[in-house]
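Okay, here's what each chain looks like letter by letter:
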Amino acid sequence: MARTPCSLQALGQVNALGKSNAEIAPRLLAGDTSGLTLRDDLVPERSLLFGAVRDPLPEIPARLARFDCRNNRLALAALEQIGAEVDGAFSRFGRARIGIVVGTSTSGVSDAEEAIAVRERTGRLAREFDYAQLEFGGLAGFLAEMTGARGPAYTLSTACSSGNRALASARSLVALGLCDAVISGAADSLCGLTANGFASLGALSERITNPCSRNRDGLTLGEGAALFLVTRDPGGIQLLGVGESSEAHHISAPDPEGNGAETAMRGALADAGLAPADIAYLNLHGTGTPQNDPMECAAVSRVFGNALPCSSTKALIGHALGAAGAIEAAFCWLVLAGQTGDVLPLPPHVFDGERDPELAPIRLVTKGESAHVGARTRVLTNSFGFGGNNCALVLGRDRDS
Amino acid sequence: MKVSLTRWAAWAPGIETEDAWRAWAKSPVPLAAEGVPDAKFLPAMLRRRCTPLTRTMLSAAWGCLDAEELPRLRTVFASRHGSINESIGLLEAVVRKEKLSPAIFSHTVHNAQAGLFSIAAGNRAASSSLSAQEDTWASAWIDALAFLERDPSAPVLVVIGDVPLAETFAPLVEEAAVPYAFACRLASAGDGPGIELELGESDTPLQRPPWPHALEFLRWWLSDEPALEQGARTTRYRFRRS
Numbered sequence: 001m002a003r004t005p006c007s008l009q010a011l012g013q014v015n016a017l018g019k020s021n022a023e024i025a026p027r028l029l030a031g032d033t034s035g036l037t038l039r040d041d042l043v044p045e046r047s048l049l050f051g052a053v054r055d056p057l058p059e060i061p062a063r064l065a066r067f068d069c070r071n072n073r074l075a076l077a078a079l080e081q082i083g084a085e086v087d088g089a090f091s092r093f094g095r096a097r098i099g100i101v102v103g104t105s106t107s108g109v110s111d112a113e114e115a116i117a118v119r120e121r122t123g124r125l126a127r128e129f130d131y132a133q134l135e136f137g138g139l140a141g142f143l144a145e146m147t148g149a150r151g152p153a154y155t156l157s158t159a160c161s162s163g164n165r166a167l168a169s170a171r172s173l174v175a176l177g178l179c180d181a182v183i184s185g186a187a188d189s190l191c192g193l194t195a196n197g198f199a200s201l202g203a204l205s206e207r208i209t210n211p212c213s214r215n216r217d218g219l220t221l222g223e224g225a226a227l228f229l230v231t232r233d234p235g236g237i238q239l240l241g242v243g244e245s246s247e248a249h250h251i252s253a254p255d256p257e258g259n260g261a262e263t264a265m266r267g268a269l270a271d272a273g274l275a276p277a278d279i280a281y282l283n284l285h286g287t288g289t290p291q292n293d294p295m296e297c298a299a300v301s302r303v304f305g306n307a308l309p310c311s312s313t314k315a316l317i318g319h320a321l322g323a324a325g326a327i328e329a330a331f332c333w334l335v336l337a338g339q340t341g342d343v344l345p346l347p348p349h350v351f352d353g354e355r356d357p358e359l360a361p362i363r364l365v366t367k368g369e370s371a372h373v374g375a376r377t378r379v380l381t382n383s384f385g386f387g388g389n390n391c392a393l394v395l396g397r398d399r400d401s
Numbered sequence: 001m002k003v004s005l006t007r008w009a010a011w012a013p014g015i016e017t018e019d020a021w022r023a024w025a026k027s028p029v030p031l032a033a034e035g036v037p038d039a040k041f042l043p044a045m046l047r048r049r050c051t052p053l054t055r056t057m058l059s060a061a062w063g064c065l066d067a068e069e070l071p072r073l074r075t076v077f078a079s080r081h082g083s084i085n086e087s088i089g090l091l092e093a094v095v096r097k098e099k100l101s102p103a104i105f106s107h108t109v110h111n112a113q114a115g116l117f118s119i120a121a122g123n124r125a126a127s128s129s130l131s132a133q134e135d136t137w138a139s140a141w142i143d144a145l146a147f148l149e150r151d152p153s154a155p156v157l158v159v160i161g162d163v164p165l166a167e168t169f170a171p172l173v174e175e176a177a178v179p180y181a182f183a184c185r186l187a188s189a190g191d192g193p194g195i196e197l198e199l200g201e202s203d204t205p206l207q208r209p210p211w212p213h214a215l216e217f218l219r220w221w222l223s224d225e226p227a228l229e230q231g232a233r234t235t236r237y238r239f240r241r242s
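Chains as they are written, first to last, in our numbering: chain V, 1 to 401; chain R, 1 to 242.
For the record, the hints were derived by calculation from the structure and aren't laboratory data. Hints are supplied without guarantee of correctness; some may be wrong.
Unchecked claim - So, partial list: chain R residues that the calculated Cβ filter (under 7 Å) puts toward chain V: (1) 90; (2) 94; (3) 105; (4) 114; (5) 122; (6) 131; (7) 133; (8) 142; (9) 143; (10) 146; (11) 173; (12) 201; (13) 204.
Said to hold, decoys possible - Here chain V is said to cover these stretches of chain R; the calculated rule only asks that three of the stretch's residues, wherever they fall, bring their Cβ under 8 Å from a Cβ of chain V: (14) 78–84; (15) 231–241.
Cβ atoms here follow ideal geometry from the backbone N, Cα and C, with glycine treated the same way.
Please construct the entire structure, taking both the sequences and the accompanying hints into account.
As structure tokens, then:
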């Protein structure tokens, strides 16, 4: 039986590269790292690069003040970009048929930090703080109230694979007919908790993150949001495959063999009914940590060989953790949307060029490189999270649709 | 999609066996506010790393599945608050510019319980972890349906649980604040008897039960009432035997 179509109809996104698809796409393809900024206010006594969103963010309406936190403002910035398409879905299907499935790993932690800082000074939490800003479910609750959607609304939080998982579930909800449209994606915001948490693990890079380099020394953290309107419509850019696995290995380190990563990629291919050779581009998880890159390159090499163009886009916007999967799916969407004729422009793999000879020799996209594709273009994106939670997605577009 | 609920287990302080839950369901009373299961099935090394919530949720999981299915089934873990109690100390450390404990930080991801389950059970199947304010239970059910949509041939283990929020945030949240967990094994029912979930909408939220929504579902499942409605916001979830 053919799978129900899953259209990624509209996309809004915000990250260190900009606040619209039009702004972000050329910078993505140029490998522009100028969006990263040095910050000394997040980790004591360290000045580190972060992929902070510097554009002003929209304000949360007063009626939803209890949801007013940076994470929800990022989500709102993405939502506003697809306002017309979302309105269209409401008129077409009705509010009860619209669901919200989103991912986050931080929720409004930075606002909770402020609230606790106020408590340290005054003995009471900041008056404007509400628990809805901090609880993970608050992101979905906010988007439901903001849009008036009355279908299911929940937040998936599986660390760095949250965004992929949200899209996977959204596809299932429209396929089951539980919803006719789902607003799906993720938001994550920079905060002291994740910055200092990853610092405590020795996982933050002293310079810009340097995936697949022999000099790599960790993550650059980022933030942002990407939201899609997901429907059962055929055509356009489709979510074609989902592959998932758990590692049963370690809470904060991947299986060094990359078996979980391999299972996720092979699962996504099988789900989409594709062979490895059908994939034109792979967006790596590519965090630049000592542990991620060897296992991911080994797994990619086993599944695809060493000819598939791959890149990590983490040096452009940082690792947006719970939003990374949705943002990288958004980057794949931009790649597919940018195809002209049989030419598929690819985001370059940005690093210092000193390839770690210990890594499996996968092909990294160089600046200005394109792929030549046939009538059907298929791309894959990986995300691997703490707790050993892996999810790979296949997106695609047919030229005649 | 109609699903069959073939096995379940639950834990709350003093109500740990199937018979005890059946007795509770006949004449339910508010649950005790304190208690942690001993979770003896976990290796001592791992048990020491488990928070009260992890012990509680894993106790329900182990009670629900046999040793053959524990390492095999896909899982949905759901918790409204997750590891927020453990995050509070980290947030205070951030505010005071103190060093964070990497071990505690790693275990405060919302999927910590799912990750530790995967390690303890040797389970490499797909797993999701979610939260949805007061509709967390119905959302867990829906995400299990999503797994069954992706592959209807294998059942899914759903595990939901919470422990009371610590004093920092507890005054901000109105809820039945008790430690509990509920686990159930859901399979695609085909044409057989099962449970259907119907979605609706409403302007007025339903009154909150005096215990967690998942345990209200269990009470209903053990009763002979035909349907159960839940919904703390504008979405209405109607569970119906069919």
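Output the numbers, in ascending order, of every earlier hint that fails for this structure.
Violated hint: only 13; rest satisfied.
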